[in-house]
Amino acid sequence: MRVSKLTDILLTLAPLPLALAFTSLALLIVGGSPLEAYRQILAGAFESPAKVADVVTACVPLVLCGAGLCVTFTAGLWNVGVEGQIILGAIFATWVARHILWPQAPVLTLMVLAGMLGGALWGMLAGLLKVYGRVHEIFGGLGLNYVAQGLVIWLIFNPWKRAEGATMQGTDPFPAPAWMPTLGRLRVAPLAVILALAALVVIYFALRGTRWGLELKALGKNFRAAFLLGVPSTPRMLTAFAVCGALAGLAGAIRCSAVYGRLIPEISGGLGYLSLLVALLSAYRPQWVPPIALFFAALGVGSPRLELNLQLDSSIGGVTEASVVLAVLLVNGWRALLARRRALQEEAA
Amino acid sequence: MDTSFLIQTLASIVAASTPVVLASIGETISEKSGVINLSLDGSIALSAMTAFAVAFTTGSVTLGILAAMAVGAFVALVVAFASITLRQQQVAVGFVLTLLCADLADFLGTPFVRKPGPEMPHLPVPYLSAIPLIGPILFDHNLFIYLSMLSIVATWWYIYKTQPGLKLQGVGERPEAAFARGVNVNRLRYLYCVVGGALVGLAGASYSLSIKLGWSHRHTFGIGWIALAIVIFGGWNPWRVAAGAYLFGLFKALGSILQRNPAFSGVPTQIFASAPFALMIFALLLVSSEGVDRLLALLPVRLARALDRAMRGRPPGGLGKPFVQG
Amino acid sequence: MRIELVDIHKHFGPVRANDGVSLTLEPGAIHGLLGENGAGKTTLMKCLSGYLSPDRGAILADGQPLSFASPAEALRHGIGMLHQDPLDFPQMRVLDNFLLAFDHRFFPDRRRGKALLQELGTRFQFNLDPDAEVMSLTVGERQQLEMLRLLALGAQVIILDEPTTGISAPQKAQLFATLRRLAEEEGRSIVFVSHKLEEVEELCHRVTVLRHGKVTGEAEAPFQVNRLVEMMFGRSLPPTERVPVTPGPPVLEVEGLVVPSYQLTVEGVNLCVRAGEVVGLAGLEGSGQRLFLRACAGLERTAAGCIRVGGRDLTGAPYRRFLEAGVAYLPAGRLEEGLVGGLTLAEHFALAERRGPFFLNWAAARERAAAHIGRFNIVGRPDTPVEALSGGNQQRAMLALLPSRLNVLLMEHPTRGLDVESSNWVWEQLLARRAEGTAILFISADLDEILERSDRVVVFCGGRMSAPLEACRTTVEQLGYLIAGKDVGCEAGNVRRETEVG
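Protein chains in written order, with my numbering: chain A, 1 to 349; chain B, 1 to 326; chain C, 1 to 502.
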């Protein structure tokens with residue numbers, strides 16, 4: 001009994017060393033030193049208050065999208081369209097920043113709301129394709145991601161191009177009121193952090209303590225039975241997409257208002273896919289999203305340093321992140337397999 | 001438009017469709033046996049990078065191809081292990097692998113970015129390539145293109161005409177019934193998932209060694225998702241899947257012809273870049289939307305059934321579900 | 001080949017499905033295995049045919065011990081089983097189904113396979129089109145295909161698990177004739193698993209009765225029916241009494257209804273059901289009764305005609321409007337469609353309260369769940385996940401989840417897979433509902449249940465509905481012929497082949 005408990009603990013912790021071993025292997029293949037690389041990543045993420053601020057900033061969109069994905073995953077939906085929803089949020093917020101020339105507070109409020117609206121609409125589109133077109137949300141969402149990517153590049157190169165000519169650098173910087181205030185000289189906007197945490201708390205309680213959350217859970221576990229029990233499936237699924245999209249859109253608005261101060265082609269920067277990993281790793285429980293997001297954000301902020309100091313590509317951060325999730329899936333499966341074998345043995349005994 | 005231009009265009013469509021054909025045929029084999037290998041997009045990128053890196057380092061295109069197929073097969077093996085032996089969600093495993101492979105390809109491929117490297121040699125088929133019209137379109141290419149055409153015929157013939165093919169269908173369709181007939185369900189699922197993965201690897205190799213030479217970041221750009229959608233569009237039937245892949249190639253070629261046409265110079269290039277994915281959504285709508293059901297219901301029953309049969313395929317009954325004995 | 005099962009034990013967790021069963025099967029005889037649902041018949045036969053391996057006990061063939069790890073191995077020893085739901089490949093053609101099991105060369109010889117299929121078919125008067133897709137066949141035809149597969153592979157012992165469920169009367173007559181021939185002329189052993197006394201009485205030479213996983217008795221033909229009943233249930237069944245109910249005003253009116261689908265179109269259905277009335281829907285599986293029932297709940301798209309509930313026209317309205325009008329639909333698959341696996345009972349009761357507040361009060365929800373659990377005798381707690389409940393308790397939970405006031409209750413197979421006690425309990429609940437004025441429409445494959453419980457019966461065949469029959473003036477035979485699409489009074493001998501359905 002004690003032995004099996006020890007195995008249990010070891011298996012719970014196993015994914016991390018497994019993922020690190022895999023990453024180290026990749027580093028060794030290209031002739032890098034794993035230890036040196038990890039040291040660089042850690043230093044790159046935490047060496048100064050400025051770096052820590054960057055990590056927190058990188059964390060914000062991951063928390064927002066991760067919380068949103070907890071909603072869609074609870075409803076049994078694979079909303080892989082987060083990337084596009086971030087982009088649409090950024091586009092809507094940029095429109096506000098460019099066209100509404102009011103003081104800071106109303107402009108920022110409008111930008112946040114517009115971003116949420118844009119993301120929600122893009123999310124709903126994937127939902128509508130699923131509900132009325134029976135196109136699986138993975139294909140609908142992915143297709144819409146690429147369409148959104150095309151849209152943002154078109155905007156930057158055509159109607160919103162810079163005064164001196166279109167470039168991949170993005171639009172002209174926003175007017176001053178459209179910049180989210182940062183904490184002194186650090187690149188972190190307290191308002192963004194507050195918004196992310198507030199969204200997380202709201203999602204946590206919405207999933208636990210409301211009819212809406214219960215109905216989503218029922219739809220996710222058995223769609224047909226939930227429908228027959230009277231859960232209005234279409235509106236619930238669409239709201240799940242809309243809520244997740246709104247949070248992703250909020251992340252997009254924050255990215256262009258607090259981080260870049262303009263719209264850039266890479267405004268989503270793969271965060272949508274990364275937040276899917278965050279949500280998978282959290283097993284769709286919002287309370288686990290912030291620590292995981294923090295870990296991923298640290299990897300994301302720390303790994304570009306490898307390019308500067310070790311001439312290694314920063315995508316190693318992504319390798320580590322994905323391999324952690326893969327290792328968790330494999331180890332979970334392995335534990336379930338062991339449990340099944342044990343149950344069989346006990347039955348035979 | 002003169003004939004030689006038309007022939008040239010058709011030949012280039014046949015060539016350019018090769019990776020999509022290979023990947024979607026590979027995925028068809030895997031899904032026919034009941035395993036969804038969702039990792040295609042990453043798997044193709046990783047195998048394309050491997051093919052180029054190995055060919056570049058060793059100077060041997062053959063070794064590059066073999067290495068790419070091994071990579072594709074290995075990724076598929078991970079999918080098979082996680083979903084068959086460990087009974088994890090196939091979609092989750094596949095999706096994570098997509099991201100992992102794509103990042104891994106970027107990381108490991110950095111030293112090879114935009115380097116000139118070896119290329120699959122051009123190899124017209126003797127005699128056949130001399131046939132007017134058909135010859136230059138189908139038989140004046142390199143080995144990849146012939147392999148892709150062969151894979152269509154061979155897969156169809158294997159699945160529908162041979163005994164192991166019947167078993168392959170059975171395992172995907174109703175694993176319990178296959179088991180009752182003495183078929184080792186999980187072993188076959190492993191086998192066909194890995195074989196399908198090897199074809200996906202070949203698709204990657206055809207990319208970096210023939211269609212879009214060399215390696216760069218985001219080199220394969222979403223082609224795996226297109227291939228996955230084409231399997232659905234083609235109703236899990238090799239001929240129709242291949243037709244879908246070539247149709248896609250045709251649309252892409254039309255796009256680039258339009259793009260070069262001065263009349264369309266006002267249309268921004270980004271529209272053309274995202275068009276394939278909009279097309280993908282539209283194609284899936286066409287085969288699965290309820291609206292199409294309603295339109296079909298307006299037709300006479302016989303015609304509606306025939307059209308339904310011609311246009312749509314049913315997924316294998318056991319697709320995506322683990323087989324548990326007893 | 002003489003088969004002996006000696007002291008077979010098979011447990012599933014705490015459930016003793018087989019608890020020391022011994023049984024001998026003589027060649028050339030039809031052996032009945034009788035017992036109510038859940039008595040352990042199917043488990044025992046799965047052990048004999050290699051689908052399950054027994055925890056303890058032995059299987060002997062002519063005195064030699066046999067052991068096999070799979071159904072394919074069992075079939076190599078000459079033992080084959082036909083499942084209640086034919087274990088075939090619906091999307092593949094008849095010939096491919098046959099070849100998959102039969103021809104092991106790399107290129108199966110289609111011409112030879114076709115010839116063999118036709119030869120076997122003629123021998124037993126099975127008329128199967130080798131090029132048809134299996135899913136276009138009736139259950140009876142799919143059974144015949146499976147039977148041919150077993151015969152082609154040389155099965156000496158053929159086990160049939162409840163083979164008469166879902167097949168028509170002429171198909172049944174043909175099946176019985178085939179089984180007699182296989183046993184009496186060809187010397188094979190047949191095991192006929194059933195919970196229907198009259199069928200066993202008609203067909204079998206010997207019968208073994210199982211109850212709670214144990215053998216409670218054996219008998220030779222001719223059988224004493226009351227003895228068999230006692231062995232099955234431990235007591236004689238009291239005849240159920242019919243409580244007359246005066247029907248109220250019409251609550252469900254259907255006029256000229258057309259429900260299209262790709263498999264089959266339900267056409268021209270007219271039916272008026274009054275408050276408190278029970279209407280049974282009979283028919284082969286896939287004859288349109290399910291399509292019709294689901295259309296009455298707003299779950300299928302209709303092409304013409306109208307549906308009125310309580311006088312209100314709901315034609316084409318979504319499922320929600322039907323719910324609001326007091327219509328409820330209980331599907332057959334309890335964990336597939338009825339309940340949400342992974343949610344607890346308390347969560348279910350909170351979910352079922354459709355007009356409940358947006359913010360949930362879990363303490364109150366648990367209390368309400370506990371109250372329902374007590375009233376409906378569910379063995380479970382508010383925090384029990386529904387998949388941990390037994391089948392009977394799941395059915396109780398589904399009934400408990402229904403709203404308290406209902407106009408129309410639509411049910412598929414209300415007692416499938418339940419033991420007698422649970423079935424009786426279910427019907428008590430339903431009859432109480434009917435006394436409150438709820439009209440009940442139900443589908444059942446059990447014709448006895450239909451005749452016993454309904455006021456009126458309608459029969460579906462190929463998408464058409466018969467005129468309603470008074471249940472108390474109808475016999476099982478009459479229903480059997482209507483199900484097969486024949487007029488009542490048709491001679492049994494005239495019916496060679498069943499009519500095509502769908």
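Hints in this document: simulated from the structure, not taken from any laboratory.
Careful, some of the hints might be misleading.
Which chain A residues stay away from chain B? Per the calculated CB distances, all over 12 Å, these [stated by the list, open to error]:
(1) Ala19
(2) Leu238
(3) Leu277
In silico lysine-lysine, DSBU-like type, Cα no more than 30 Å apart, as pairs [claimed, not checked]:
(4) B/Lys161 with B/Lys321
(5) A/Lys161 with B/Lys161
(6) B/Lys212 with B/Lys115
(7) C/Lys172 with B/Lys161
(8) A/Lys221 with B/Lys321
Output of the computed footprint for chain A on chain B, the stretches with three or more beta carbons under 8 Å from beta carbons of chain A [unchecked claim]:
(9) 124 to 134
(10) 244 to 254
(11) 287 to 300
Beta carbons are placed, not taken as given, at the ideal position from N, Cα and C, and that holds for glycine.
Does B/Lys212 pair with B/Lys115 here, judged by a C-alpha cut-off of 30 Å?
holds, 12 Å
Would you check the hint for C/Lys172 and B/Lys161, treating anything up to 30 Å between C-alpha atoms as holding?
Since the Cα atoms of C/Lys172 and B/Lys161 sit roughly 35 Å apart, the hinted pair is violated (cutoff 30 Å).
Regarding the pair B/Lys161 and B/Lys321, is the alpha-carbon distance no greater than 30 Å?
holds, 26 Å
Is the listed coverage of the region 244 to 254 of chain B by chain A valid when you require three or more residues with a beta carbon under 8 Å from a beta carbon of that chain?
Coverage by chain A is violated for the region 244 to 254 of chain B (0 residues, Cβ < 8 Å).
Given as non-interface: A/Leu238, partner chain B, CB spacing beyond 12 Å
holds, 16 Å
Coverage assertion for the region 287 to 300 of chain B with respect to chain A, Cβ distance below 8 Å, three residues required
holds (count 4)
Since A/Ala19 was said not to touch the interface, does its Cβ keep a gap of more than 12 Å from each Cβ of chain B?
Violated, since 10 Å does not exceed 12 Å.
Outside-interface status for A/Leu277 - nearest CB in chain B farther than 12 Å
For A/Leu277, whose nearest Cβ neighbour in chain B is about 7 Å away, the distance does not exceed 12 Å, so it is violated.
Verify the proposed pairing of A/Lys221 with B/Lys321, using a straight-line Cα cut of 30 Å.
holds, 15 Å
Given the hinted pair A/Lys161 and B/Lys161, is their Cα-Cα distance within 30 Å?
violated, 59 Å
Examine the region 124 to 134 of chain B for residues whose CB is less than 8 Å from any CB of chain A, and state whether their number is three or more.
With 0 residues close enough to chain A, the hint is violated.
Checked against the numbered hints above, the structure breaks hints 1, 3, 5, 7, 9, 10 and satisfies the rest.
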